[in-house]
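Chemist: So you can see what is in the structure, the chains are spelled out below.
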Amino acid sequence: MADGLTGNLAQLALADILKMLCAGLQTGRLELSEGNARADIYLKAGDIVHVAAGHQVGEGAMALIVGWQRGTFRFESQVAAAEVTITKSLEQLLSDAGRVAAEREAIARAIPAGDSTPRLSATVPGGAITLQPHEWLVITHINGQRTIADIAAAMGRDDFAVGKVVYRLMAAKLVEVHTDAPVVVAKATTSQAFFRALTGATAAAVGPLASIIIDDAVEDLGSTRDSFPRELVSSLVERVASEIRETDQRVHFQQTMLTALRQFAA
Amino acid sequence: MERGLGQISLVPAVGGAFVCSNAGDVIVSTSPPLLATATMNNIGREIARAFSAFEASGRPVSRLDVTYDTWRLFANDIGDAIMFVVCHPGVDAAIVRMTVDVATAGWHKDAKIQKRMAQHKTSRRAAITRTALDERSQQVWQLIESHTWPGAQNAQAV
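Protein sequences appear in the order of chains X and G.
Okay, so the first sequence: first residue is 1 according to the working numbering, each after it adds one.
Okay, so the second sequence: first residue is 1 according to the working numbering, each after it adds one.
By construction, these hints were calculated from the structure, which means they are not laboratory data.
Computed from a prediction, not measured in an experiment: that's the story for all the values here.
Backbone N, C-alpha and C define an ideal beta-carbon position, used for all residues, glycine too.
Just some of the chain G residues that point at chain X, by a computed CB distance under 8 Å:
#	residue
1	Pro12
2	Leu34
3	Thr70
4	Trp71
5	His88
6	Asp92
7	Ile95
8	Arg97
9	Met98
10	Asp101
Modelling step: build the complete structure from the supplied sequences, incorporating the hints.
Modeler: Spelled out as structure tokens, the structure:
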């Protein structure tokens with residue numbers, strides 16, 4: 001039934017595609033691509049049984065792809081998985097993958113790249129510190145010259161696993177991380193097309209005050225239309241909705257903007 | 001109601017949703033249910049008491065957002081019942097709240113749904129009895145009711 005299902009992740013979120021396929025008790029392979037990255041998710045009678053992305057499989061692979069918001073998908077039914085790497089329910093899998101993805105993001109913020117070089121801290125940390133065996137193993141590889149990628153290769157582990165340990169050692173003030181390359185974090189901003197859609201929907205509810213209400217809400221969120229962060233668009237819509245007093249109009253506005261938010265999610 | 005809950009469960013990072021009466025009885029939940037019925041009943045009862053406590057202190061609220069390490073619970077007062085949404089902590093809360101508003105807006109106008117809710121209608125205060133609360137909770141409840149809260153609106157002791 002779902003055979004030939006194709007589309008864009010910007011239009012239909014991965015979680016929603018999986019919910020639909022699981023609810024339909026589908027068997028087959030969901031192929032995903034985002035830029036040069038590819039991933040496959042295998043289902044068997046509505047259960048996710050295997051995920052592969054790059055060199056990773058199972059939950060690690062799921063954590064890599066759970067945040068994909070762009071790219072394409074294609075479902076091919078009746079393709080069986082070569083192995084079983086997932087035994088959790090979809091809800092549990094998405095929840096755990098989301099948590100791991102958030103953890104990856106936190107680590108990526110502190111340790112920007114695999115070519116970062118950890119060094120033992122020159123200052124003496126206060127109080128007693130307990131180390132786990134795998135943390136000590138990482139410390140033994142730190143010499144101020146090896147990068148995280150080098151250490152991972154030497155230990156036969158992936159960058160993320162080593163980065164996670166280094167992150168904990170940084171928190172314990174045992175290790176400092178240096179990166180040669182300056183870190184430039186570009187925040188995604190909201191398109192003017194979205195503001196036009198928001199203005200149109202707001203004007204339909206409150207009339208000519210729409211632009212003023214939106215500008216006030218943008219300002220309340222500490223930004224401007226030109227530099228408005230994409231991650232705050234839903235909060236902006238909610239603030240604008242709260243200014244619409246008439247219930248039916250407010251609900252209609254929310255309905256319109258929820259659809260728009262899905263479309264502009266890319 | 002099932003369709004409304006279905007819409008909510010389609011929001012990314014939402015695991016499921018359910019509606020409890022003011023006494024904590026489950027009226028409807030997404031299928032398959034995310035939690036055991038007994039767990040949903042417990043959540044329903046406790047959150048109903050929390051809403052009552054806010055009301056008794058003269059500071060009524062219509063939503064509660066409880067964040068745990070691995071999950072997050074949104075409770076929405078919908079009058080004769082409470083709607084719960086169970087999510088991943090990183091969920092887009094604004095999207096969840098607006099989707100709940102949209103999903104429940106039609107319920108107030110739907111005679112069938114109103115009839116279904118009416119079958120479970122109970123007063124939230126009725127669920128707060130000496131037998132339902134342990135000693136400590138009873139003391140806290142008496143304190144809430146007897147205290148005159150600064151800036152409180154509609155404060156009244158029952």
